[in-house]
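S.K.: What follows is each chain in one-letter form.
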Amino acid sequence: MAPIRIGISAVVAVYVTLCAAGSASAQAQPPSSPPVQTPVPTPTPTPTPTPTPTPAPPDPVTPQGTPAPAGASKVFNPDISVNGNFIAAAGRNPFATLAPFQLSEVEAAFQAVVDPYAKADFFLSVSKDGIEVEEGFITFTSLPGKFQAKVGKLRANFGKMNTQHTHALPSVDRPLVTENLVGGDEGISDAGFSVSRIFDIPYLFVELTGEMFTGDSAVFQSDHRAQLSYVARARAYRDLTESSNIDIGTSAAFGTANVDVPQPLLSSSGSPTIQATGLDKRLLGVDATFRYRPLRRAIYRRLNIRSEFVWSRQAMLDAPAQEAFGAYVSGEYQFARRWYAGGRLDHSGRVTDGTAIDNGGSAFLTFWPTEFSQVRGQYRHIRFAGGERADEFLVQFNFSIGAHGAHVF
Amino acid sequence: MRLSTRLFILTALVSAALARPMAFAPLEVVATTEDLAALTREIGGDKVKVTGLAKGYQDPHNVDPKPSFIIAVSRADILIAVGRELEIGWLPPLITQSRNAKIQPGSKGYLDASLTVKILEIPTGQITRAMGDVHPSGNPHYWLDPGNGRLIAQAIQQKLTELDAADKAYFAQRYADFDKRLAAGEKRWDAMMAPYKGTKVVTYHRSWPNFMERFGLDVMGYVEPKPGIPPSPSHTIELIAAMKAQGVKLVVMESYFDAKTPEKIALEAGGKVVTLAPSVGGEKAATDYIQLFEFNVTTMAAALKQATGK
Numbered sequence: 112m113a114p115i116r117i118g119i120s121a122v123v124a125v126y127v128t129l130c131a132a133g134s135a136s137a138q139a140q141p142p143s144s145p146p147v148q149t150p151v152p153t154p155t156p157t158p159t160p161t162p163t164p165t166p167a168p169p170d171p172v173t174p175q176g177t178p179a180p181a182g183a184s185k186v187f188n189p190d191i192s193v194n195g196n197f198i199a200a201a202g203r204n205p206f207a208t209l210a211p212f213q214l215s216e217v218e219a220a221f222q223a224v225v226d227p228y229a230k231a232d233f234f235l236s237v238s239k240d241g242i243e244v245e246e247g248f249i250t251f252t253s254l255p256g257k258f259q260a261k262v263g264k265l266r267a268n269f270g271k272m273n274t275q276h277t278h279a280l281p282s283v284d285r286p287l288v289t290e291n292l293v294g295g296d297e298g299i300s301d302a303g304f305s306v307s308r309i310f311d312i313p314y315l316f317v318e319l320t321g322e323m324f325t326g327d328s329a330v331f332q333s334d335h336r337a338q339l340s341y342v343a344r345a346r347a348y349r350d351l352t353e354s355s356n357i358d359i360g361t362s363a364a365f366g367t368a369n370v371d372v373p374q375p376l377l378s379s380s381g382s383p384t385i386q387a388t389g390l391d392k393r394l395l396g397v398d399a400t401f402r403y404r405p406l407r408r409a410i411y412r413r414l415n416i417r418s419e420f421v422w423s424r425q426a427m428l429d430a431p432a433q434e435a436f437g438a439y440v441s442g443e444y445q446f447a448r449r450w451y452a453g454g455r456l457d458h459s460g461r462v463t464d465g466t467a468i469d470n471g472g473s474a475f476l477t478f479w480p481t482e483f484s485q486v487r488g489q490y491r492h493i494r495f496a497g498g499e500r501a502d503e504f505l506v507q508f509n510f511s512i513g514a515h516g517a518h519v520f
Numbered sequence: 005m006r007l008s009t010r011l012f013i014l015t016a017l018v019s020a021a022l023a024r025p026m027a028f029a030p031l032e033v034v035a036t037t038e039d040l041a042a043l044t045r046e047i048g049g050d051k052v053k054v055t056g057l058a059k060g061y062q063d064p065h066n067v068d069p070k071p072s073f074i075i076a077v078s079r080a081d082i083l084i085a086v087g088r089e090l091e092i093g094w095l096p097p098l099i100t101q102s103r104n105a106k107i108q109p110g111s112k113g114y115l116d117a118s119l120t121v122k123i124l125e126i127p128t129g130q131i132t133r134a135m136g137d138v139h140p141s142g143n144p145h146y147w148l149d150p151g152n153g154r155l156i157a158q159a160i161q162q163k164l165t166e167l168d169a170a171d172k173a174y175f176a177q178r179y180a181d182f183d184k185r186l187a188a189g190e191k192r193w194d195a196m197m198a199p200y201k202g203t204k205v206v207t208y209h210r211s212w213p214n215f216m217e218r219f220g221l222d223v224m225g226y227v228e229p230k231p232g233i234p235p236s237p238s239h240t241i242e243l244i245a246a247m248k249a250q251g252v253k254l255v256v257m258e259s260y261f262d263a264k265t266p267e268k269i270a271l272e273a274g275g276k277v278v279t280l281a282p283s284v285g286g287e288k289a290a291t292d293y294i295q296l297f298e299f300n301v302t303t304m305a306a307a308l309k310q311a312t313g314k
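So the protein lines, in turn, are chains A and B.
Per our numbering: the first sequence = residues 112 to 520.
Per our numbering: the second sequence = residues 5 to 314.
Read the hints as simulated data drawn from the structure, not as lab findings.
Misleading hints may appear alongside valid ones.
[As the list claims (entries may be wrong)] Examples of chain A residues toward chain B, derived with CB under 10 Å:
1. Arg-336
2. Ala-337
3. Tyr-341
4. Leu-406
5. Tyr-451
[What the hints assert, rightly or not] Stretches of chain A that chain B covers, calculated by requiring three or more beta carbons in the stretch to come under 8 Å of a beta carbon on chain B:
6. 222 to 233
7. 277 to 285
8. 293 to 303
9. 318 to 326
10. 494 to 500
Predicted model only: the values in this text are computed from it and were never measured.
Think of the CB as a built atom: it goes at the ideal place given N, C-alpha and C, for glycine as much as any other residue.
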């Protein structure tokens with residue numbers, strides 16, 4: 112396979128673009144004064160007789176009701192939150208990876224504005240495998256031309272599931288197609304950069320994203336600087352009514368991957384497999400989401416229906432490339448202020464064997480006492496390609512402390 | 005006429021045609037709620053194009069940060085927020101994804117409307133999530149005091165003037181007119197509510213401290229046991245007992261909450277539920293900021309008259 116040679120020139124081109132854009136932005140938007148709470152001078156009200164006196168103008172130094180500023184070191188501290196994800200599993204799964212009880216992940220998030228031009232997000236994931244930077248990136252928020260850039264380690268903008276952190280999923284697990292073809296929990300999470308632009312088309316939101324990564328994720332692996340991986344995504348969104356909307360996207364990713372190749376018995380290496388490196392890999396995805404949330408009853412009712420289709424093509428060593436297809440359709444319905452019910456149907460081939468098809472289905476029920484904790488039960492049935500079956504019951508306790516994060520949309 | 009001269013004239017004409025609407029283009033203002041949008045329309049008149057994000061009949065704490073909102077924020081010259089963490093769950097991603105340098109917090113086009121108003125219920129001492137969904141920097145429902153509405157309007161006038169100095173006199177005149185109408189409204193509303201000063205009421209959520217304080221009513225309890233926590237049976241029983249003991253007859257709620265529990269509480273306590281508009285557009289009659297109070301005060305006074313016999 113021919114290595115991808117455009118990496119260095121692309122990196123240089125994007126670096127120059129970012130520098131130029133940052134410079135233009137700096138000129139267009141001079142650094143404003145620090146965001147201190149400056150009281151607005153009160154214009155003289157019209158002298159109209161009133162039964163009660165017009166409230167006195169705010170104190171010129173400390174606005175009325177404004178808490179006294181804390182020490183500077185605290186003011187500039189990032190928003191910090193910690194999320195714990197505890198999972199209990201029961202039942203039968205011949206390929207079980209879940210222990211009966213496990214604190215599967217603790218995620219610490221640190222988020223703050225860097226300067227007038229950027230903000231930064233860090234997500235550290237702690238699991239039994241150790242501590243890992245799940246994401247850590249800077250977002251340039253003030254680029255001209257409705258561009259936005261992210262630089263650092265980030266989850267690639269491929270489909271809907273890959274960008275979601277585990278604790279934000281609507282179910283305990285990820286769909287089979289995500290597990291089989293898009294790297295599961297780890298997904299395409301890699302060091303690189305992302306550039307996106309939104310387009311202001313009447314009645315339609317369009318966003319195009321292009322990303323470049325080093326090739327060190329669960330999906331793409333590279334041993335050479337010239338062999339980078341690339342992700343592109345186009346997303347279109349439209350409000351159907353004030354309470355319903357539809358969101359459609361298509362994603363593509365390509366790069367190289369390492370593949371374990373079984374060795375004939377009695378091979379000279381003595382190992383049952385060898386690893387073939389630098390094999391071309393391509394992914395193509397299509398996703399659609401329909402949301403319904405009646406505004407007058409928004410805290411009691413909500414419906415999300417989502418489907419994703421993913422095609423994978425993996426080059427093999429001394430063998431034809433393997434093509435695999437997977438998809439899921441899922442739905443969640445909020446039927447009371449703190450209760451959600453949902454289900455998902457799964458179908459997926461495997462990266463190195465597209466003819467090995469796994470099928471499954473799940474039903475889940477979530478109790479959401481507050482925005483900061485939730486308890487979820489899920490029944491999961493999987494029929495693996497080899498005929499094995501899994502029937503499991505999963506229980507998840509998800510809890511957060513610290514700063515209030517934004518809702519996932 | 006030579007071709008180059010013709011092209012020059014054509015280019016100049018096209019440029020002039022394109023430049024004209026730009027010169028007179030109204031300021032694009034995005035307000036996170038319909039209350040702030042209504043106040044901006046009062047001051048900005050036809051010099052501004054205003055978009056409100058959260059509707060008056062939806063819970064402003066729970067709004068989806070939809071991409072259609074990203075587009076609106078991306079176009080904005082000014083973004084006006086309620087602040088005090090009311091929009092903490094949905095505004096930050098909209099601002100980040102808007103790619104609009106003009107309205108980033110700290111920029112000239114960003115206005116936190118809470119900075120010059122009277123804020124109630126600022127927690128003192130240690131606060132924890134055990135207290136429910138508390139707002140660490142005070143109750144964000146401050147627009148429900150017409151006095152605060154005046155202060156917000158002043159801040160908006162200041163901000164519009166800062167970005168469009170040429171229309172300073174226009175904004176000042178609009179403010180003066182609004183102030184006059186608001187003062188006249190306050191006179192009417194105070195007269196209507198005067199007989200009921202000191203009357204105790206129950207509210208569903210802590211949305212009404214500014215309104216109740218402004219009109220001299222006393223909130224003795226809440227349907228929610230803690231902010232953002234749905235009513236529980238034990239709390240409901242305690243609340244009914246307290247209402248009976250203190251002779252409280254009115255339960256005030258917003259239309260976006262389920263009326264079942266408040267109605268049960270009111271029935272048990274021998275009172276009734278009053279549904280007020282928490283924001284402009286929250287009820288059909290609340291078409292602008294002054295009509296919001298016209299509706300709420302008229303509705304409240306009628307309910308108080310029935311409950312107290314005054």
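S.K.: State for each hint whether it applies.
M.R.: Tested hints:
1. Taken as an interface hint, Arg-336 (chain A) does not check out: its beta carbon lies about 31 Å from the nearest beta carbon of chain B, beyond 10 Å.
2. Checking Ala-337 (chain A) against chain B by beta carbon gives a least distance of about 31 Å; that is not within 10 Å, so the hint is violated.
3. At its closest, the beta carbon of Tyr-341 (chain A) sits 22 Å from a beta carbon of chain B; the interface hint therefore is violated under the 10 Å criterion.
4. Here the hint on Leu-406 (chain A) is kept, as its CB sits about 4 Å from the closest CB of chain B, short of 10 Å.
5. Checking Tyr-451 (chain A) against chain B: minimum C-beta separation of about 14 Å lies over 10 Å; hint violated.
6. By the rule of at least three residues with a Cβ nearer than 8 Å to a Cβ of chain B, the coverage given for the stretch 222 to 233 of chain A holds, with 4 such residues.
7. Judged by the Cβ-Cβ criterion of 8 Å, the stretch 277 to 285 of chain A is not covered by chain B as claimed, because only 0 of its residues qualify and three are needed.
8. Evaluation of the coverage hint for the stretch 293 to 303 of chain A: breached, as 0 residues show C-beta separations to chain B shorter than 8 Å, against a requirement of three.
9. Under a criterion of three residues with beta carbons nearer than 8 Å to beta carbons of chain B, the stated coverage of the stretch 318 to 326 of chain A fails, only 1 such residues being counted.
10. Evaluation of the coverage hint for the stretch 494 to 500 of chain A: breached, as 0 residues show C-beta separations to chain B shorter than 8 Å, against a requirement of three.
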